[in-house]
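Peer 1: Sequence:
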Amino acid sequence: MEMNIKKALVKLGIEAEVGHSDLSITASGDADLFVMGADIVDSSSIDRSKIIVINNLVSADEFEQKLAVYFHHD
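Take 1 as the starting number for the sequence shown in the UniProt record's numbering and just add one per residue.
Please keep in mind that the hints were generated in silico from the structure rather than gathered at the bench. Do not rely on the hints blindly, as some may be mistaken.
To be verified - Simulated restraints on C-beta separations: (1) Asp-42 - Gly-13: 30 to 36 Å; (2) Gly-13 - Ile-40: 27 to 33 Å; (3) Asp-42 - Glu-15: 28 to 34 Å; (4) Asp-42 - Glu-2: 18 to 24 Å; (5) Ala-60 - Asp-39: 15 to 21 Å; (6) Glu-15 - Lys-50: 15 to 21 Å; (7) Ala-27 - Ala-60: 26 to 32 Å; (8) Phe-71 - Ser-24: 24 to 30 Å.
Unchecked claim - Derived lysine to aspartate or glutamate pairs resembling DMTMM-like cross-links, with alpha carbons at most 20 Å apart: (9) Lys-11 - Glu-64; (10) Lys-7 - Glu-62; (11) Lys-50 - Glu-62; (12) Lys-50 - Glu-2; (13) Lys-66 - Asp-32; (14) Lys-7 - Asp-61; (15) Lys-6 - Asp-30; (16) Lys-11 - Glu-62; (17) Lys-50 - Glu-17; (18) Lys-66 - Asp-47; (19) Lys-50 - Asp-30; (20) Lys-7 - Glu-17; (21) Lys-6 - Asp-32; (22) Lys-6 - Asp-22; (23) Lys-66 - Glu-15; (24) Lys-6 - Glu-64; (25) Lys-7 - Asp-32; (26) Lys-50 - Asp-32; (27) Lys-6 - Asp-61; (28) Lys-50 - Asp-39; (29) Lys-66 - Glu-2.
Virtual Cβ for every residue (Gly too), placed ideally from N, Cα, C.
Given these sequences and hints, build the entire structure.
Peer 2: What follows is the structure in structure tokens.
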């Protein structure tokens, strides 16, 4: 997932620090944006406005599309 996020951000021309964490130790204040699979989003206590939900974790296109929408790139 981290690699797909980094690749999408490069394609969009966006610089960002990307890291990964276990959902059980992650708090809403730990990052500006969280990207997670649809299978775990309901287990998260993170504010939904800070979450991008990915349905297909191997789809580079989905990562790029959803990050573009978030960052308002067409």
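Peer 1: If a hint holds in the structure, say so; if it doesn't, say that too.
Peer 2: How the hints compare with the structure:
| no. | hint | verdict |
| --- | --- | --- |
| 1 | Asp-42 - Gly-13: 30 to 36 Å | holds (33 Å) |
| 2 | Gly-13 - Ile-40: 27 to 33 Å | holds (29 Å) |
| 3 | Asp-42 - Glu-15: 28 to 34 Å | holds (31 Å) |
| 4 | Asp-42 - Glu-2: 18 to 24 Å | holds (22 Å) |
| 5 | Ala-60 - Asp-39: 15 to 21 Å | holds (19 Å) |
| 6 | Glu-15 - Lys-50: 15 to 21 Å | holds (19 Å) |
| 7 | Ala-27 - Ala-60: 26 to 32 Å | holds (28 Å) |
| 8 | Phe-71 - Ser-24: 24 to 30 Å | holds (28 Å) |
| 9 | Lys-11 - Glu-64 | holds (8 Å) |
| 10 | Lys-7 - Glu-62 | holds (12 Å) |
| 11 | Lys-50 - Glu-62 | holds (17 Å) |
| 12 | Lys-50 - Glu-2 | holds (17 Å) |
| 13 | Lys-66 - Asp-32 | holds (15 Å) |
| 14 | Lys-7 - Asp-61 | holds (10 Å) |
| 15 | Lys-6 - Asp-30 | holds (18 Å) |
| 16 | Lys-11 - Glu-62 | holds (13 Å) |
| 17 | Lys-50 - Glu-17 | holds (15 Å) |
| 18 | Lys-66 - Asp-47 | holds (17 Å) |
| 19 | Lys-50 - Asp-30 | holds (11 Å) |
| 20 | Lys-7 - Glu-17 | holds (12 Å) |
| 21 | Lys-6 - Asp-32 | holds (15 Å) |
| 22 | Lys-6 - Asp-22 | holds (18 Å) |
| 23 | Lys-66 - Glu-15 | holds (16 Å) |
| 24 | Lys-6 - Glu-64 | holds (10 Å) |
| 25 | Lys-7 - Asp-32 | holds (19 Å) |
| 26 | Lys-50 - Asp-32 | holds (7 Å) |
| 27 | Lys-6 - Asp-61 | holds (13 Å) |
| 28 | Lys-50 - Asp-39 | holds (17 Å) |
| 29 | Lys-66 - Glu-2 | holds (14 Å) |
Consistency with the previously given hints is maintained throughout, with no hint failing.
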